Each structure stands twice: as C-alpha cells, then as structure tokens.
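Trainee: Based on the provided sequences and hints, a complete structural model is requested.
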Amino acid sequence: MTSIPLGHILLLAALLFGIGLAGVLTRRNILVMLMSVEVMMNAVNLTLVGFSRYNGWTEGHVLAFFIIAVAAAEAAVGLAMVLAVFRLKQTTYVDELRLLKR
Amino acid sequence: MLMLPELIIVATGFILLVLDLFLTEKQRDLLVPLALAGIAAALGALWLTPDHGVLLGGRFAMDPLAWWFKLTFLIAAFVTVMLTSGLLESAAPEPRKLHSPGEFLTILLFNLTGMLLLASTRDLITLYVALELATIPLFLLAAWRRDALGGEAGLKYMVIGALASALMLYGFGVLYGVTGTMRLDAMPALLHADRTTLYAAALIVAGVGFKLTLVPFHMWAPEVYQGAPPPVTAWLSVASKAAGLSVLMLVLFRVFRPFLHDVSFAIAVLATVTMTIGNLVAIVQRNILRFMAFSAISQAGYLLLGFLAGGSVGAAAMVFYLLVYAVTNLSVFAVIILHNQQTGSTELTDYRGLSQLNPLLALALMFGLFGLGGIPPLAGFVGKFLLFSVAAQAGYHWLVGVAAVNSTVSLYYYLRLVRQMYIEAPAEGAVPLKPGWMLSAGLAVTTAASMLLGVVPTVYESVRASAAAWLQSLGQ
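Residue numbers (the working numbering), protein chains in the order written: chain B, 1 to 102; chain P, 1001 to 1476.
Keep in mind that the hints were calculated from the coordinates and are not lab data. Just so we're clear, the structure is a prediction, and the values are computed from it rather than from any experiment. Take the hints with a grain of salt, since some may be wrong.
Simulated crosslink set (SDA-like; lysine to any residue; CA at most 25 Å straight-line) [stated by the list, open to error]:
1. B/89 x P/1149
2. P/1097 x B/53
3. P/1434 x P/1021
4. B/89 x P/1344
5. P/1097 x B/82
6. P/1097 x B/86
7. B/89 x P/1434
8. B/89 x P/1429
9. B/89 x P/1094
10. B/89 x P/1096
11. B/89 x P/1098
12. P/1097 x P/1021
13. B/89 x P/1441
14. P/1097 x B/5
15. P/1097 x B/87
16. P/1026 x P/1126
17. B/89 x P/1097
18. B/89 x P/1021
19. P/1097 x B/15
20. P/1434 x P/1376
21. B/89 x P/1026
22. P/1097 x P/1376
23. B/89 x P/1099
24. P/1097 x P/1036
25. P/1097 x P/1400
26. B/89 x P/1345
27. P/1434 x P/1377
28. B/89 x P/1100
29. P/1097 x B/4
30. B/89 x P/1219
31. P/1434 x P/1137
32. B/89 x P/1220
33. P/1097 x B/88
34. B/89 x P/1030
35. B/89 x P/1036
Sample of chain P residues with no beta-carbon within 10 Å of chain B, all distances over it, derived [claimed, not checked]:
36. 1124
37. 1162
38. 1420
Beta carbons are placed, not taken as given, at the ideal position from N, Cα and C, and that holds for glycine.
Mentor: Structure (structure tokens):
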C-alpha cells in the first residue's frame, strides 16, 4: 500500500488552517466565521492524525477525538447565542451588531 | 484525595443543578449560600491537600505553585458569588436581575472546575480539555442577560475564544509532531532551538494571549467587559486572567524553559506594548467597564515581566501579584456591581459625589484603585515592586523605566475616578446606595486583603518558598 507522504498531509493542513484563519478575519457573517473556525480545528485534527499515523503514535488520535467533542460543545454554545441574537436583531452580520462602542 | 477540591466543586455544581428543579422562585435564594458552602468546603479540602503528588498516570499533578493558583481561583469564585448574590436573589431589581440562579451558579462552578484542573494538568490533552472547560462556560455567562448587549458580547467573545483555541491547538499539533509526546515534562529534552519550536511557541502564546488580554490580542476585552453583566465581568477579569497565566506558566516554564532566555526580548516588547496601549487607551474611556478592561490589559503587561527571569523569583512575583490583583480588582468591582445594580449606570461621571452619599464605599473604591495603581503601602505596590525588580535583575533596566512611567500614567486615570467621587458634587436627587450584607462582607474582606497582603510579609514568603520548591520539582 502506498501511503501519502507526511509532508503532503501537513501542507494540506497548513493550507486549510490558513483558509480558516482568513475566513474568520475577513468574513462578516457570524455563521461563516464559526464555520471557518471549524475548518481551523479540523486542520489541527489532520495535523495530529497525520503525525500519529506516520510515526505509529497513538496519543494524537486521542487528542483529535477530544477536539471533535469539544468543538461540538463550542458550536452548540455558539449557535445557541447566534439564535438568541437573531431573535432580537434579525441579523447574523457582525457589522450590524454595533452597540458596544463607547 | 489530591483531586478533592475539584470533586467537591463538581458535586456542588450537580447538586445545585438538580435542586434547582424542585425549588420555587423564592426558595432559590438558598442556592447562593449552598454554592458558597461548596466553595468553602473546597477551600478547606485544598488546605488539606498535599502540594506534591500525581494522579492518573502523571496527567494530573499537584505542585506548590498549582496550589496557589487553585487558592486564587477558589477565593475569586467565593467573592464573585458573594458579589453576585444581590442580582441573583428573587427580589433583585428587574432589568438587571440575573435569571435562573441555579443554572448561573452551576455554570460558574463548572467553569471554576476547569480552572482548578488547568493548574494541575501535565499533558496536552488534559490541558486542552481543562482550558476549554475554563473558557466555554464564560461565553454563556457573558451572554446571560439575553438582551442585545449581552448577546453581542457573548458572540464576539465566543468567536474570538474559538479562534484563540484553534491557534493554540495548532501550536500543540506542531509541538506533538516535533516531540512525539503529549507530556509537558518530557518535551524540553526533545525540543531543539529551531524555527519549528519558535513557530509552535508563537502559536501557543498567541492563543493564550487572547485569554490574558495581551496586546495585539486584546480587542475583545473592552466589548465583552462592557456587554457582560458586571459580576461576570468581575469573574472574567480575575479568574480568566489567572487561568491564562497558569497556562502560560505551564507552557513557558515546563516546555520552553531552555529557550526562555533567548526570547526574553520578545517578551519584554510584548509587555511594553501591552501596558502602554492599555494605559493610554484607558485615559479616554467614559464607561467604567471599558475603563476596567483597559486597566486589566495594562495589568497583564506588568504580569509578563515575571517571565524575564526564568527562576523561581519571577514565578513567585507573578503568582503573588496575581493574588494581589485578584483581591484588589474584586474590591473595585464590588462597588461597580453595587452601583450598577442600584442605578443601572456604567458611566464614570455617575460616580460623582459618591464620597458624600456613601463615604465608606467611596473610601473602599479609592483604596482599590490606589492598589491597582500601585501606591504604597497597599499590596499593589509591593506586587509591582517585586515584578519590576525581576525585570531589573534580568538586565532590562529600560523596561523598568517604561513600567514606572506606565504606573504613573495609570495613576492619572485612576485618580480621574477618585476625583469624580471626592471633588464633584453629587447629582441632583442622587440617593445613597444600599449594599446587601453579603456584598458588604465581600468588599470588606477583599479591601482588607488588598491592604494586608502588602504589609504582612508571610504570604509573599510562603509564595516564595513554594516557588523555590516548585523549581526543584522541575529538576533544575
């Protein structure tokens, strides 16, 4: 079985991480921002699993599972708050939430 | 036995959660004393906990400094619950009342559990899970009043917090890839002084920087401090900062210790920028919560000075200053919470004439602000003095100068508030504030502590001894 070289996996993960970071920093829709953070988290998972698989380690897989579980909790909290804000303001764009200035 | 304080807090959290189901609105007033009893029991358990030992195959360990962190977290939680009591009770004034006291306290206690665990973690997995437990509940607490302001604060906090943990996780991933282990203590021997190590360190410090509100990662702080209910802001400004410091100490002292000396200039720059920006922007603030946010940012800058010397002196100075900062900041917030609870205002100018309406409260607030500014003989002065002397010992004399100038600048804006209280006349029709006994007790205890910690040398001496023992346990 030919396996994918570690370098390729890490490069893909780094690219995904960059895409996610750019998304969080440039997008203004809160849902897209949350999605971008998920992409970053999954880039980390890919890194961890890539390292673990390539080297025959196990702990990386374990951390990846914990990251998935915690990211789900984070998303639950986040979406609940998006919903609460949407009920009040009818928007998911952060630019339109501008009460907190001075 | 080693994990007893954490277990007591978790158990109290669950008891409150279940009990909440069976109580009427009026009976829920009992939940606050119950939470306080739980935290007090955990404090007692912590007192009996040995300051050495490991559990779970070395993933959970007590060390002398973790003990002090846990003490800070528990005291902060105890005082926060005392200060929140007036807003949680069924008779609280309506628009500012915090609903569902059972759930509020449960989430606060789970949050506290995360912080307590955080101080004892010894590998990346437990560190990550504990850190998230110390973070995610804060988003909920910040958005507790489901109004537009709170919702916005919670959302912004959540996006930034998730971004920070993603950055830190990527750092963990790189670190794991280089060393092949999750154990923090095994890492220094496996790391080399190369670009990859620096990359991992930078990512992790950036992630922690959000928690610790280091400039340039501080942008969320003023927004969240302003939008969250004031008791949550008090908790956030003390406990979240302590949690950030405890992670930074774990990472910098346990993992990157061999390279700490090489990056000390970067730390000095980070400290300079953080304290300067925090202080300069605080001057122009008109909202007291934003004002406290920038004050907290500048305090984080002072705290960083402790990392300049890798030894136990720096660690001791940071832990001591953290303890002092916690009690002093909570005493300031006690008055802010009460003022907001009864007037609904967060404007600086609405504190005018407080000394004529409530002489004692104004006096306590003045002592608290002087403590944060670092006026002798208050504890804030001693704490700052110790941190500055660490920087001086490490050879950063210019930084001591910068920090001293910054302290002077900070006095200017702290005195702005004192001037409102003591020189301006009270507004027409202003009525004296009526503190509840629990808030008064919390304020009295924290104010007394913020004075005594500076005068009584025993506390610093024992922190110092703990730091020395801790350094030995690191094997250096």
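Trainee: Are the Cα positions of residue 1097 of chain P and residue 88 of chain B separated by 25 Å at most?
Mentor: Within the cut-off at roughly 19 Å; holds.
Trainee: Taking 25 Å as the top limit, are the C-alpha atoms of residue 89 of chain B and residue 1026 of chain P close enough?
Mentor: 33 Å, violated
Trainee: Between the alpha carbons of residue 1097 of chain P and residue 5 of chain B, is the straight-line distance 25 Å or under?
Mentor: With Cα atoms ~58 Å apart, residue 1097 of chain P and residue 5 of chain B exceed 25 Å; violated.
Trainee: For a C-alpha distance cap of 25 Å, please report whether residue 1434 of chain P and residue 1137 of chain P respect it.
Mentor: Violated, at roughly 31 Å.
Trainee: For the pair we were handed, residue 1097 of chain P and residue 87 of chain B, check the Cα-Cα distance against 25 Å.
Mentor: 21 Å, holds
Trainee: Compare the distance between the alpha carbons of residue 1097 of chain P and residue 86 of chain B with 25 Å, and conclude whether the hinted pair is satisfied.
Mentor: Roughly 22 Å separates the two Cα atoms, so the pair holds.
Trainee: If you draw a straight line from the CA of residue 1097 of chain P to the CA of residue 1021 of chain P, is it 25 Å or shorter?
Mentor: 20 Å, holds
Trainee: Compare the distance between the alpha carbons of residue 89 of chain B and residue 1434 of chain P with 25 Å, and conclude whether the hinted pair is satisfied.
Mentor: Cα-Cα ~35 Å, so violated.
Trainee: Quick one, are residue 89 of chain B and residue 1021 of chain P close enough, alpha carbons at most 25 Å?
Mentor: 31 Å, violated
Trainee: CA of residue 89 of chain B to CA of residue 1099 of chain P, is that 25 Å or under?
Mentor: This hinted pair holds, its Cα atoms lying about 21 Å apart.
Trainee: Do the alpha carbons of residue 1097 of chain P and residue 4 of chain B lie within 25 Å of each other, as the hint requires?
Mentor: Measuring from Cα to Cα gives roughly 58 Å; hence the hint is violated.
Trainee: Do the alpha carbons of residue 89 of chain B and residue 1100 of chain P lie within 25 Å of each other, as the hint requires?
Mentor: Satisfied, since the Cα-Cα distance of roughly 23 Å is no more than 25 Å.
The earlier numbered hints that this structure contradicts are 2, 3, 7, 8, 13, 14, 16, 18, 19, 20, 21, 22, 25, 27, 29, 31, 34, 35, 36, 37.
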